[in-house]
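As given, the protein sequences belong to chains A and B, one line each in that order. Every position in the first sequence, counted from 1, becomes a number in this note's numbering once 18 is added. Every position in the second sequence, counted from 1, becomes a number in this note's numbering once 1494 is added.
Don't read these hints as lab results, they were simulated from the structure. Since this is a predicted model, take the numbers as computed values, not measurements. Treat the hints loosely; a few may be bogus.
Claimed, not checked - Mimicking DSBU-like on lysine-lysine, the simulated pairs with C-alpha atoms at most 30 Å apart in a straight line are:
(1) A/Lys408 to B/Lys1497
(2) B/Lys1516 to A/Lys416
(3) A/Lys449 to B/Lys1516
(4) B/Lys1562 to A/Lys449
(5) B/Lys1516 to A/Lys426
(6) B/Lys1516 to A/Lys408
(7) A/Lys412 to B/Lys1516
(8) B/Lys1560 to B/Lys1497
(9) A/Lys449 to B/Lys1551
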Amino acid sequence: MHLNTDAIFSLPAKLILGLKWRQLDDATFKRLKFLCFAFVIAFVYASSLFLNDWGRNSNLAIGLDLLIVLCAVLFSLIIRWSKVYLLVFHLSVIVVAVVIPTGYFAPTGNRTVFLAPLVLLVAYFLLGRIWGVFWTAATLFANLVAYEIGRQGILSFPVSDQSLAYSSLALGMISALLFIYEGANISNEHRIAERDKRLQVVNTELNQELAKRYKLTLQLSVEKESVERQVKLRTHQLQEEQARLQASIATLKLGFLMTLQDGTVITHNPALLRICELPSDTPAHLVLSQLRSKMQKSYDLQGAITKCMASGQPFEASDITVGDKFIRILGSAIHLKDSAEALGVVLLIEDMTAAKLLERSESEFVSIASHELRTPMTIIQGNLSLMEDKYPEKFTDKEFRHTINVLKISSARMIMIVNQFLNMTKLEQKKATFNLDAIDIVQTVNETLISFQPMIDAKNLQLKVEISPRLPKVKADAGRLQEVLSNLVGNAIKYTENGYIEVSASHEGNHITIRIKDTGKGIAAKNQELLFHKFQQATDNIFTRDDSHSTGLGLYISKLLVEQMGGSIALERSMPNEGSTFSITFPEAGLQTMSRAPAMK
Amino acid sequence: MIKVLLVEDDDLIQELYETVLKLRNFEVELANDGIEGLEKARALKPDVVLLDVMMPKMNGLEMLEKLKSDPEIKNIPVIMLSNIADENHIRAALNQGALKYIIKSEHVPMEVVGLVEEVLANHQKGPQIDKPLLTD
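Turn these sequences into a full structure, and let the hints steer you where they fit.
Rendered as C-alpha cells:
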C-alpha cells in the first residue's frame, strides 16, 4: 500500500492554518508543515500528560512546554498572520502557563509556577492589552490559590487540584478567546496602518504625478491658444486671398469655370453664364451639365475635358456654336506640383461672335465688292476688245495698238485679281464645292507642268519629275489640285534664277506627299511663319513686294483649298539662297480620314 | 435676223452687248428690269432672251420663273448673262429652264455672242454651265 506521507505531514499545518494554507507559497508551507507537526505532537503529549499522569515526568513536561513555545515563536516569525499566530501562541501559553503549572506545579508547592503568568502579565501590560492583563492576573490568582491549597491544605471544601486546573483552564480559554478577538483587531489595525502607510506613499506619488500632469495641461492649453490664434490668422489670410481671387474671376470678361475630376463645379463667373446664354441664377452644380448640353450639337465638351485630364495637355477649340454665338474654349488641367494626376480642369470661354462676324463681314464685303467690280471690268474689257473692230484704221498705228494692248492686259489682270478675291472669300466662307474623286497624281502633275514648260525654258531652268510609278490614287478635286500645284510650281519658277525645279510624289503611310523643290532664293526663317497668311509675301513688311504681279494670296488660297480637301500643306524646308521645298499631303483614296471638305458632289 | 431681247439694267453693259450683237447681225431689243423684260417678251416674242440676274424691281431669276410659267412665252430660249458665280443661282436658273449661264467677266463680248450662237444652234441639246476659270 502506497502511503501518501506528504499528506500526513501536511495535515497539522492545514488544520492550524485553516483555508488560508492555500495562500502560502510552497517554500513557506514546507517550513510550516514540520513546525506544525512538531507542535501538534508536543501539544497532544502534553495534553495526555495533563489528562493521565500528573506527578511523574516533570522534566519532560518542561521540555514539551519549551518546545511548544518555540514552535509558536517560530510560527509567528515565518508567517505574520497575526490571527493564527495569536491563536497558536495563546494555546501554547495556556498549556505552558496555565494547565501544566496549575495542574502540576501548584499542588507540588513549586514556586516556578508563578513565573510564566507573571511574565505574561507584564508582557500584556506593556502591550497595553487589558484583557490580557486580566486573564493572566486571574491565572496568577488561580495558581496562588492552588499553591496555597497544596501547601497549607487551607480550603475546607474538597477542591480537587484537577477541578482547579480545569477552572483556570476555562478562565484561560475565555480570556484567550477575548485576546484572540482583540488580537484580530490589533492585527487588523496593524494591517490597516500598514495599508495606510502604503496608501500614503501611493497618494504622494499620485499627487506628484497629478502635479506634473497639471503643469503639462497648463502648457498644453497655452500652446493650444497660440495655435488657435495662428489658425485664425491664417484662415483670415486665406479668406482674404480667396475673396481677391473670386473678385478677379467675377470681373473677368472671359467665361471662367473650374471643375473637379468628378464634375463638381468649384467656381464659375457671371461672364460664363452670360456668354453661354445660361440664366444668371443657374445653381453651381448644374452649370457644367447645362454647358455640355448647350454645346452638344457642335462640340463634345465632356470628351475634351476627360481627355485633357488624362493627358495633362491643354486644349483649344474654336468655332463652337452656342445659340447664336461663336465661342472659343481653352481648357487646362489642374495639377498638384509633382502629381501626375489631374485634380480638375479650368475652362476659359471667349465670345468670338464679334470677331467671327467681323471676319465674315470682311469676307462678305470682299465678296460683294468683287462682284460689283466685275461689272465695270466687263465693260472695260469688252469695249477694249471691240476697239479693233470699231477703229480699224487707228489700229495700223503701232503706238495705238500698244496702248490698247496695255489696257487689255491691265483689265485682264484686274479681272484675275477680282476672281482670286472671290475664290478666296468663297473658300473662307466655306461656300466652295469640291468634286472629290480618286485622282491619279501623275496625270494631274503632268497636266499642270505642261503649261509651265515655256516659262521654265525661258529662264533656262531644269525640270525634274520624280513620281513613284505605282502610287495609289489620291482623294481630291482634280481641278483644285491643279490650282494648288500651279501656284506652287509658279512660285518656284518665279523665285528661281538658276538651277532646277523638282516635283516629286511618294507614298508615306496612308498618305501621298507631293513635293515641289526649287533652287531659288529661299525664305528667311523669320518670314517662314507668315507664308500661308493673307497678303503676305515672303518679306516682313506688308508693303514690300516680292513680285509686282502678285497679290500675296496664292499660298493662302492654296492652303484653304488643300485643307478643305482633307489634306495639309507646309513649307518643308527653306534656306536663303539655297532654295525651298513645299509639300502637300493627301489621304489615300479609299481610306476614310477626317474630311474637311464642306460640300461634296 | 434673229431677234434678241437683252434684259440688263446697266446701260454701259447694254451698250456693249448691243454693239457686238448688232455687229453680228442680231436684232436687239432692250429691257431694263424684269417687269419690262416680261412685257417685251410677251409683246415682241424674241428668238432668244439674254437675261441678267441683278436687276431692280424684279431680278432675273424671278423673271425667268414667270416667263417659264407663261404658256405664251415659255418656249423662248433663255441664256443667263451675269457676273454672279454663285452655284445656287446657277443651279436655280438652269433648273428653271435657262439653257446656259454665262459669266460676263470671263469672256469678251464677242465670245459671248459666239456662245449665244452656239446655244441657239444646239437649242435642243439641254442645259450647260459655263465654269469660271480661276487663275492665279
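Evaluated hints:
A hinted pair counts as satisfied when its Cα atoms are at most 30 Å apart, and A/Lys408 with B/Lys1497 qualifies at roughly 23 Å. Taking the CA atoms of B/Lys1516 and A/Lys416, the gap is about 28 Å. The hint holds against a cut of 30 Å. This hinted pair does not check out: A/Lys449 and B/Lys1516 have alpha carbons roughly 38 Å apart, beyond 30 Å. The suggested pairing of B/Lys1562 with A/Lys449 holds, with an alpha-carbon distance near 29 Å, which does not exceed 30 Å.
Between B/Lys1516 and A/Lys426 the alpha-carbon distance is near 22 Å, which keeps this suggested pair within the 30 Å criterion. Taking the CA atoms of B/Lys1516 and A/Lys408, the gap is near 12 Å; set against the 30 Å cutoff, the hint holds. At most 30 Å may separate the alpha-carbon atoms for a hinted pair to count; A/Lys412 and B/Lys1516 meet this at roughly 21 Å. Only pairs whose Cα atoms come within 30 Å are accepted, and B/Lys1560 paired with B/Lys1497 is accepted, the gap being roughly 20 Å.
The suggested pairing of A/Lys449 with B/Lys1551 holds, with an alpha-carbon distance near 28 Å, which does not exceed 30 Å.
In this structure, only the earlier hint numbered 3 is contradicted, and the remaining ones agree with it.
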